[in-house]
Amino acid sequence: MKKLLLAFLTTSFFAANAQDANTYNADVPNHYFSFTLKLTKEGTGFTPPVASRAFGFTGLALYEAVVPGISTMTSTVGSIPELPALTPPDGNANYHWPTVANNALAAVIDSLWANASQTNKDSLHNIRDYYNTLFEGQISAQDYADSKAFGEAIGNDVFQFSKTDGGHQGYSANFPGSYVPPAGPGLWEPFGTQTAMQPYWGTHRPFITEDTSTVIPGTPPAFSTDVNSPFYAYAFQVYYQQNNNTADQVNIAQYWADGGGSITPPGHSISMLRSILRHENSNLETATIAYAKMGIALSDAFLACWKTKYIYNLLRPVTYIQDNIDANWVSLIGTPPFPEYTSGHSSQSGAMSEIMESLFGTSYAFTDSTHGTNFGGPRSFNNFDEAAEEAALSRLYGGIHYEFSNNGGLVCGRLIGENVNDLFTGLAVGVAENNTENFIFEMYPNPANDVVTFYGKGLKIDLIEVYNMMGQQVAVNTSSSGRMDVSGFAPGVYAVNAYDLSKGVMVSKTLMKK
1 MKKLLLAFLT TSFFAANAQD ANTYNADVPN HYFSFTLKLT KEGTGFTPPV ASRAFGFTGL
61 ALYEAVVPGI STMTSTVGSI PELPALTPPD GNANYHWPTV ANNALAAVID SLWANASQTN
121 KDSLHNIRDY YNTLFEGQIS AQDYADSKAF GEAIGNDVFQ FSKTDGGHQG YSANFPGSYV
181 PPAGPGLWEP FGTQTAMQPY WGTHRPFITE DTSTVIPGTP PAFSTDVNSP FYAYAFQVYY
241 QQNNNTADQV NIAQYWADGG GSITPPGHSI SMLRSILRHE NSNLETATIA YAKMGIALSD
301 AFLACWKTKY IYNLLRPVTY IQDNIDANWV SLIGTPPFPE YTSGHSSQSG AMSEIMESLF
361 GTSYAFTDST HGTNFGGPRS FNNFDEAAEE AALSRLYGGI HYEFSNNGGL VCGRLIGENV
421 NDLFTGLAVG VAENNTENFI FEMYPNPAND VVTFYGKGLK IDLIEVYNMM GQQVAVNTSS
481 SGRMDVSGFA PGVYAVNAYD LSKGVMVSKT LMKK
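For the sequence shown, the residue numbers in this note's numbering are 1 to 514.
Derived by calculation from the structure, the hints in this document are not laboratory data. Treat the hints loosely; a few may be bogus.
[What the hints assert, rightly or not] Mimicking EDC-like on lysine to aspartate or glutamate, the simulated pairs with C-alpha atoms at most 20 Å apart in a straight line are: (1) K514 with D485; (2) K509 with D462; (3) K514 with E403.
[What the hints assert, rightly or not] Restraint ranges, calculated between C-beta atoms of paired labels, are given here: (4) A490 with P84: 30 to 38 Å; (5) E42 with T87: 16 to 24 Å; (6) A114 with R483: 45 to 53 Å.
Virtual Cβ for every residue (Gly too), placed ideally from N, Cα, C.
Input sequences plus hints: build the corresponding full structure.
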């Protein structure tokens, strides 16, 4: 999303003789985020929503610890809901930012993965002590003491903030006994002995308010057992696809599965980011912003997805297919214990692609080696959208999701990624948002069947342009009614640009046509 931006002057509030974070390498955050994948895989209760939350607060702690050393960025205090004032940097201190990052990350990870095994706790402390010993020999005793204390304080501040979002110690409460799934035609039924996983997760506080309000996908296709209905067709597509998967499609399903006892889907995104940061030899400043953006986006993507799942409580393909198509059919990938719509893999993948594009560009080709040579890996992609779309499609190949759940998740995740990118654009020194107006553009319903209503806050929408995924303009609307009939559009994803010509503002959103 593009916004009208105003330049302003600012002065640094830390000592003038402190080196900027961009003069240091990213070894510290890369090491810690790699270790969080081990903690997640080997820990108890780190389901995808719980893991994504931990990555989000870990990224926030890293950012708030290092941002005084990033001359182009400011704190998220005042921008993230309910985030209180944090321990301020000492204006007379000469901070060593790798030491600050080391102690902030050690503190927050120790608390977020509090149920880790003693062996892994010891390993975490060994990482902290290794870097502290290394850095203590490189800087003065005073600089080391100041840096260590500031990092620890920020790590603890962010952890205390995390305790107020509703998800504290979620690893111990994945399957609350108080939840009773609604019953009725088309509603989710636990498969076998399953119970609902994290049914209240979507009620927790997001990092960005809009991520669990305005970007929630619309109603899925109407449930029907009629063989001529769209819903039956979607279910039969899952059935037919899995029964006719190629060897490569089976590999794709397994490559992106990241199921129980794994690094989880959000961990897979963290793994890809870490690999690219190392490949690019990125500095501490770049890595700090990257991990913060990615962690926040992944966390909010799972919040939005889980909120959607328990709004609609839609039944899984395995239930529909066994009841209406083939009683003996089972999914290639084990069906997880929560409702169908939307896809968590797709939601987090859409968010991942938006964040990655903001960091490395829209045409960045890369190879993902997360799973080594397993499942046909490593896998190479021409860009991040291609990887996100393959991750979403993998759920169809695995018999886990209907196509509309994958598509809806991708769109929702991309919108969340846009919101996170906008948040950090607003934190950038010299490109702060106009304080007198909030330029917001929304449209609903989304996904849509027929008429879409546009809404602008701080904008007088003079012109709407709609483009398909080939970049071809398919509609122009200069009407002031704020409505557009899209019933004639082919099903798919469209880019919508809204203009306030008097202000010179263009705002972009993604529309999914059912």
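Going through the hints against the structure:
For the proposed pair K514 and D485, the alpha carbon gap of about 13 Å is at most 20 Å, so the pair holds. At most 20 Å may separate the alpha-carbon atoms for a hinted pair to count; K509 and D462 meet this at roughly 16 Å. Of the supplied pair hints, the one linking K514 and E403 holds, its CA atoms being roughly 11 Å apart against a limit of 20 Å. The given range of 30 to 38 Å is broken by A490 and P84, whose C-beta atoms sit roughly 49 Å from each other.
For E42 and T87, the Cβ-Cβ distance of about 31 Å falls outside the hinted range of 16 to 24 Å, so the restraint is violated. Checked against the given bound of 45 to 53 Å, the beta carbons of A114 and R483, roughly 51 Å apart, stay inside it.
In this structure, the hints that do not hold are numbers 4 and 5, in rising order.
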